[in-house]
Amino acid sequence: DVKVTQSSRYLVKRTGEKVFLECVQDMDHENMFWYRQDPGLGLRLIYFSYDVKMKEKGDIPEGYSVSREKKERFSLILESASTNQTSMYLCASSLISSNQPQHFGDGTRLSIL
Amino acid sequence: AQTVTQSQPEMSVQEAETVTLSCTYDTSENNYYLFWYKQPPSRQMILVIRQEAYKQQNATENRFSVNFQKAAKSFSLKISDSQLGDTAMYFCAFMTPTGNQFYFGTGTSLTVIP
Chain P
1 DVKVTQSSRY LVKRTGEKVF LECVQDMDHE NMFWYRQDPG LGLRLIYFSY
51 DVKMKEKGDI PEGYSVSREK KERFSLILES ASTNQTSMYL CASSLISSNQ
101 PQHFGDGTRL SIL
Chain V
1 AQTVTQSQPE MSVQEAETVT LSCTYDTSEN NYYLFWYKQP PSRQMILVIR
51 QEAYKQQNAT ENRFSVNFQK AAKSFSLKIS DSQLGDTAMY FCAFMTPTGN
101 QFYFGTGTSL TVIP
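Quick note, the sequences are listed as chains P and V, same order.
Per this note's numbering, the first sequence runs over residues 1 to 113.
Per this note's numbering, the second sequence runs over residues 1 to 114.
These are calculated hints, taken from the structure and not from any lab test.
Misleading hints may appear alongside valid ones.
As the list claims (entries may be wrong) - Interface residues of chain P toward chain V, partial, derived using beta-carbon atoms under 8 Å:
id: 1; residue: Ser8
id: 2; residue: Tyr10
id: 3; residue: Leu11
id: 4; residue: Glu17
id: 5; residue: Ser87
id: 6; residue: Ser94
id: 7; residue: Ile96
Values in this document were obtained by computation on a predicted structure and should not be read as measured data.
Heads up, the beta-carbon is just placed ideally off N, CA and C, and yes, glycines get one too.
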């Protein structure tokens, strides 16, 4: 089974801090994704990556950046955390083949105080 | 851009009954992929069922089946013989032919009542 591991289930940070959310997958997937999930809004794509050192903006990239130095790891960075970034963050990965679904991690509940 | 609409924010069903969750989408693509994901209260999102747009036959996975109407751009999920473990948030998702972009609906929270 595919395993997508997010480093923290719960995280509390302060406004203005630089925050790192880490995601690792163990199935050699090319694609990796970061979403935030908010009630009534579903999942919104922040960034995705289809290869090492490659990244594409999603629907809501403002205030975020990403890093993919190795194929298995995709990091989401909040450069200067703000309270409106309090949310559930989900990481996912998939094969580059067009009919393959995404596999998700458990999520990180991030609170910015 | 693709959009996915789930018009039922919350639904409930009696245990052992059948329930249908609706999903519509908008796209100009001809080939694409559709998915239903389930997110139980423990939060990990798992795949329930998938449908390729070029296949006319509706996908089925045990108690889960879909009604895919390509012309109407409709992709509903039917859960038969509902079980307590089916209580979850259900998301409909659309994937582009390239496989690197997904679009999710806002979700339907399903509660199975004992």
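key: Numbers of unmet hints, in rising order   = Violated hints: 1, 2, 3, 4, 5; rest satisfied.
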